[in-house]
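Since chain A is already given, all that's left is putting chain B on it; use the hints.
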Amino acid sequence: MSDPILKVRDVTREYVIGGGLFSKPRVLQAVKGVSFDVERGSTLAVVGESGCGKSTLARILSMIDPQTAGTVEIDGLNIDISKTGISREMRRKVQIVFQNPYGSLNPRQKIGHVLEEPLLLNTDMSAAERRDTALAMLEKVGLKPEHYGRYPHMFSGGQRQRVAIARAIMLKPKLLVLDEPVSALDLSVQAQILNLLKDLQDEMGLTYVFISHDLSVVRYLADKVMVMYYGEVVEYGTREDVFDNPQHAYTKTLFAATPDAGVEAIRKRVAAKKAASAA
Amino acid sequence: MALLDIRNLRVEFDTAKGPFRALDGVDYTVDAGEVLSIVGESGSGKSVAMLATMGLLPNTATITADKMEFEGLDLRTLSAKQRRKVIGKDISMIFQEPIASLNPCFTAGFQLEEALKVHTSLTGRQRRERVLELMHSVGIPEPERRMNSFPHQMSGGQCQRVMIAMAIACAPKLLIADEPTTALDVTIQKQILDLLMQLQRDSGMALIMITHDMGVVAETADRVIVQYQGKKMEEADVLSLFEAPKHPYTRALLAALPENATGDRLPTVSDFAKSFAAEEARA
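Same order as they appear, the protein sequences are chains A and B.
Just so you know, we're using the working numbering here: the first sequence kicks off at 1 and counts up by one.
Just so you know, we're using the working numbering here: the second sequence kicks off at 1001 and counts up by one.
Everything labelled a hint here was simulated from the structure, so no lab data went into it.
Any given hint could turn out to be false.
[Said to hold, decoys possible] The list that follows gives simulated cross-link-like pairs (lysine-lysine, PhoX-like), each with its CA atoms no further than 25 Å apart:
#: 1; chain 1: A; residue 1: K7; chain 2: A; residue 2: K83
#: 2; chain 1: B; residue 1: K1067; chain 2: B; residue 2: K1081
#: 3; chain 1: A; residue 1: K274; chain 2: B; residue 2: K1190
#: 4; chain 1: B; residue 1: K1190; chain 2: A; residue 2: K268
#: 5; chain 1: B; residue 1: K1246; chain 2: A; residue 2: K268
[What the hints assert, rightly or not] Pairwise CB distance ranges, derived in the manner of DEER restraints:
#: 6; chain 1: B; residue 1: K1117; chain 2: A; residue 2: A249; range: 42 to 48 Å
#: 7; chain 1: B; residue 1: G1055; chain 2: A; residue 2: S23; range: 43 to 49 Å
#: 8; chain 1: A; residue 1: S87; chain 2: B; residue 2: N1059; range: 54 to 60 Å
#: 9; chain 1: A; residue 1: A69; chain 2: B; residue 2: Q1198; range: 43 to 49 Å
#: 10; chain 1: A; residue 1: A256; chain 2: B; residue 2: D1202; range: 20 to 26 Å
#: 11; chain 1: A; residue 1: T123; chain 2: B; residue 2: A1080; range: 56 to 62 Å
#: 12; chain 1: B; residue 1: M1001; chain 2: A; residue 2: I17; range: 54 to 60 Å
#: 13; chain 1: B; residue 1: D1202; chain 2: A; residue 2: S23; range: 38 to 44 Å
#: 14; chain 1: B; residue 1: Q1082; chain 2: A; residue 2: S50; range: 38 to 44 Å
#: 15; chain 1: A; residue 1: I17; chain 2: B; residue 2: E1133; range: 31 to 37 Å
#: 16; chain 1: B; residue 1: D1024; chain 2: A; residue 2: F255; range: 39 to 45 Å
#: 17; chain 1: A; residue 1: A249; chain 2: B; residue 2: Q1198; range: 22 to 28 Å
#: 18; chain 1: B; residue 1: D1066; chain 2: A; residue 2: N100; range: 36 to 42 Å
[As the list claims (entries may be wrong)] Coverage of chain A stretches by chain B, computed from C-beta distances (three or more under 8 Å per stretch; other residues unrestricted):
#: 19; stretch: 192-198
#: 20; stretch: 249-256
#: 21; stretch: 264-274
It should be emphasised that the depicted structure is a prediction, and the values quoted were computed from it without experimental measurement.
Even for Gly, the Cβ is constructed at its ideal location relative to N, Cα and C.
The following block holds chain A by itself, in its conformation from the complex (with noise of 0.2 Å):
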């Protein structure tokens, strides 16, 4: 039975650009009528070169920017925020986790106020009962209770993504939007956080949307595939249908892309080379 949690209906986001002294300003449609679903517990994995709008599509399921047209309904509420403002309701519903650990958290802002701040905004929590809640979280997401009281830069990479993965989680929401979440990260400490992702997300039957270009994370991830070029969709499907079956020409180019680390792609590019230096 489906039961989609999230509904996007013909989602159009336009910038105004220029206008400068001697120009006209012009539009320009980030994001041209996108439409899908999203299954309750499920991921969906959106794939997508730079400036093809899979980050403003981010932004606009996040609430940080409005949609120009179309409709969002996530777990039953309508997202319109131009014209409806957030109440505290839609935000408990959706949170996000940006590319960049180290430019996502305040310097100045301790681990445990970093994980508080969601309650205190959004939720009537005394203080005693928020900080319980935020070493709950840090053990959850695998870090200690001596963290509480670190600042950022005290922290590696991973571990920083640990922590806004945490903030994110907070709220216990319904969705959780990943925005590249482990592209600036090693290879390792990536498999990591992959592995927590996929914890949480059993854990507390949450329904990721990632944004990635990383097919053989995605692969690893993701229930549905969505590849956008020049903000539309041009190929949506489960992720059996898009990998073994790639229709759209820019999809097959981004197979094409992708290195291959199997033995015998190498083997063959060590023959080819060894060829071309003996002729």
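For chain B alone, kept in the frame of chain A given last:
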């Protein structure tokens, strides 16, 4: 004779808590025309080693080595002036953040020309021609117009192309690329890697590729050095490294590739930490 020959390189940094050893006795050799990949996670000392070779480390760093030679020239005893004659001409380097490594105040063409002004005796007109030629060879469309563009007017991929053009301006014998594609998209990454490999093939220069991405290693390297916490874990040619990794850390790195995931969870390096300890004890 190897083009670059470094023996027992150690780098220490002075910190408030006393000296910190970033690199602990590692050997590097590169032959002319060879592509060497140095792989490791952050903190493994892979960038530090090459910055030490270039003489770009801050003076809080103490560099010692038994041997540090480029074409028979001892890099340890060079004066700053002598070093400037080699660096940027025979050895050049490109960095991870293309947009941050270009000067935002000057046009791409000006910055490219600067490298030529310092290292060659070309006239202004010849330099301009060479700049256009270089921009063309790294695949920048409309070089005449792009010459006068500032870094912020170009995309990350184009900035990286300008960096590469600058690095190959004086036909170096050794190019060091420090995570050249980490900040870029997959499709752009492919283009930049293809460009680097094509330039390397055509000019026969040696290339050292520093990366944490095993995929990039698989696509580019002839020989691979795997580093972990300032020590060399394994050195092998690319095929034998992927076919039969010897060191447990290398196996851990390969297993952490999401495409190699077999079960529900990705193995992480810490899962392999025990087998490192065993390896260390034996060594």
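Here's how the hints hold up against the structure:
{"no.": "1", "hint": "A/K7 to A/K83", "in the structure": "holds, 18 Å"}
{"no.": "2", "hint": "B/K1067 to B/K1081", "in the structure": "holds, 21 Å"}
{"no.": "3", "hint": "A/K274 to B/K1190", "in the structure": "holds, 22 Å"}
{"no.": "4", "hint": "B/K1190 to A/K268", "in the structure": "holds, 17 Å"}
{"no.": "5", "hint": "B/K1246 to A/K268", "in the structure": "holds, 22 Å"}
{"no.": "6", "hint": "B/K1117 to A/A249: 42 to 48 Å", "in the structure": "holds, 44 Å"}
{"no.": "7", "hint": "B/G1055 to A/S23: 43 to 49 Å", "in the structure": "holds, 47 Å"}
{"no.": "8", "hint": "A/S87 to B/N1059: 54 to 60 Å", "in the structure": "holds, 56 Å"}
{"no.": "9", "hint": "A/A69 to B/Q1198: 43 to 49 Å", "in the structure": "holds, 45 Å"}
{"no.": "10", "hint": "A/A256 to B/D1202: 20 to 26 Å", "in the structure": "holds, 23 Å"}
{"no.": "11", "hint": "A/T123 to B/A1080: 56 to 62 Å", "in the structure": "holds, 60 Å"}
{"no.": "12", "hint": "B/M1001 to A/I17: 54 to 60 Å", "in the structure": "holds, 57 Å"}
{"no.": "13", "hint": "B/D1202 to A/S23: 38 to 44 Å", "in the structure": "holds, 42 Å"}
{"no.": "14", "hint": "B/Q1082 to A/S50: 38 to 44 Å", "in the structure": "holds, 42 Å"}
{"no.": "15", "hint": "A/I17 to B/E1133: 31 to 37 Å", "in the structure": "holds, 34 Å"}
{"no.": "16", "hint": "B/D1024 to A/F255: 39 to 45 Å", "in the structure": "holds, 41 Å"}
{"no.": "17", "hint": "A/A249 to B/Q1198: 22 to 28 Å", "in the structure": "holds, 24 Å"}
{"no.": "18", "hint": "B/D1066 to A/N100: 36 to 42 Å", "in the structure": "holds, 40 Å"}
{"no.": "19", "hint": "192-198", "in the structure": "holds (count 4)"}
{"no.": "20", "hint": "249-256", "in the structure": "holds (count 3)"}
{"no.": "21", "hint": "264-274", "in the structure": "holds (count 6)"}
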